[in-house]
Amino acid sequence: MGWKNRDVISIEDFSIEDLDMLFKLTDEYLEGKYSNDLLKGYIIGNIFLEPSTRTRISFEVAAKKLGAEVINFIGEYSSIKKGESLFDTFKMMDIYTDLIIVRSPIEGTARYASDICKKPVINAGDGMLNHPTQAMIDLYTIKKIHNRLSGLKVGVYGDLRYGRAANSFILGIVKYPNNVIYAISPPQLRLRDEMKEKLKELGANFYETSNLNEVISDLDVLYVTRIQKERFPDPAEYEKVRGSYKIDLKSLEGSKPELIVLHPLPRVEELSYEIDVTQRQAYFKQVSFGIPLRMALLSLILG
Amino acid sequence: MTEEIEMKVTKIRNGTVIDHIPNGRALSVLKLLGLTGKEGLTIALVMNVKSKKIGIKDVVKVENLELEPSLVSRLALIAPTATINIIRDYKVYEKRKIILQDVIENILKCTNPTCISRQTNEPIVSKFKVISKNPLKLQCMYCNRYLLEHEIISQITEGGG
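Protein chains in written order, with the numbering used here: chain R, 1 to 303; chain P, 304 to 464.
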């Protein structure tokens, strides 16, 4: 399946070959090899029904660097506030724009949008479920630093129950051979059953633990996520786990020299600023790759 | 119909015989059909009898009622092994096979309150794919949440969910 007019709903829908094509074009864009009027005349609709900093801005910057116009639809200031359905909102944006980017706190929103819209839909995060473009950036970052996406020992640390970025990242990295995944989290924030069964079905080599110390010396990558406060059904449950983990220089003691720390950001209190100035820090590289990768994504889909 | 059952329940003249119901599910089948006994229909219910096909089974016979085809797809969710015989003048007039579809649409409700299919102001119908037939296990096609057999039976028979 080619990229033209393709919906981007889940990282699961993309093969290693698809991702290779995306990463190759990202390399070119990273080196400045692109035409700034490639997408001239296209209008991109950004529908954000939940707060976002990097994803919304980087999609907007990516579109503008290629010459496209961007309409920002913010739920709070729209007819959704008056009770208009998402169905009608998507119908309207499908008429007005050439490509729709949607973020929502409700799981399945992007798939629903893709059922309604004829234009391609990109999922910019739906509830606790998927964040495919973040996963693409995460994989690209690892490839750039480690020069490979296979034969890696990867720790994914934090809120694995509610974190869509962590779940999408895991589903992305297990596509590549000979990777070992350590799902590290407090017991309350373990991977959901359907995710664990999916990983078993995919034949992924994965282990669960609550203790980073047990595995730190093996890791090539440590992917840290914040606790997803907004997705806890009960605020008291959030308070129980809040501050239950934090990565600082001490917690990385005994790790391999080549270990890198990723984080999809925003961070709250789980990742110490003292990592920022070390060789481990890869999260600002993720941020910087976000724009060329999303440029490549838009141009492959609209091309 | 085995001899054992015929000894326990006489043949019906007109109506529906639902045979090969998994044992213990006959009462759920009656609930699904909306039969409480107050309708005045003659209903025979046999539970836990031997079956060559499924080991132990339940059977429901309802006189003067022909099962609507729309109920058959719902019945597949709680009694996937069942067979339906429509009886007219003591003879099998029609056999209706129960087929569990690969995708179950607009019958069940996702248990995840933040699933898009649960949003009441959207014109959306629930969609589940069948992950396993025995025990029955479905997965929401929007949010990936599983729906397990006991939740399915509860929703079908009690409208719970």
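Treat the hints as calculated values from the structure; they're not laboratory data. Please note that the accuracy of each hint is not assured.
[Stated by the list, open to error] Okay, the calculated beta carbon distance ranges per label pair: (1) N326/P to R54/R: 53 to 63 Å; (2) H146/R to L374/P: 53 to 63 Å; (3) F284/R to P416/P: 44 to 54 Å; (4) N367/P to E208/R: 52 to 62 Å.
Backbone N, C-alpha and C fix where the C-beta goes; we use that ideal spot for every residue, glycine too.
Which of the listed hints are broken here?
-> The structure breaks only hint 3.
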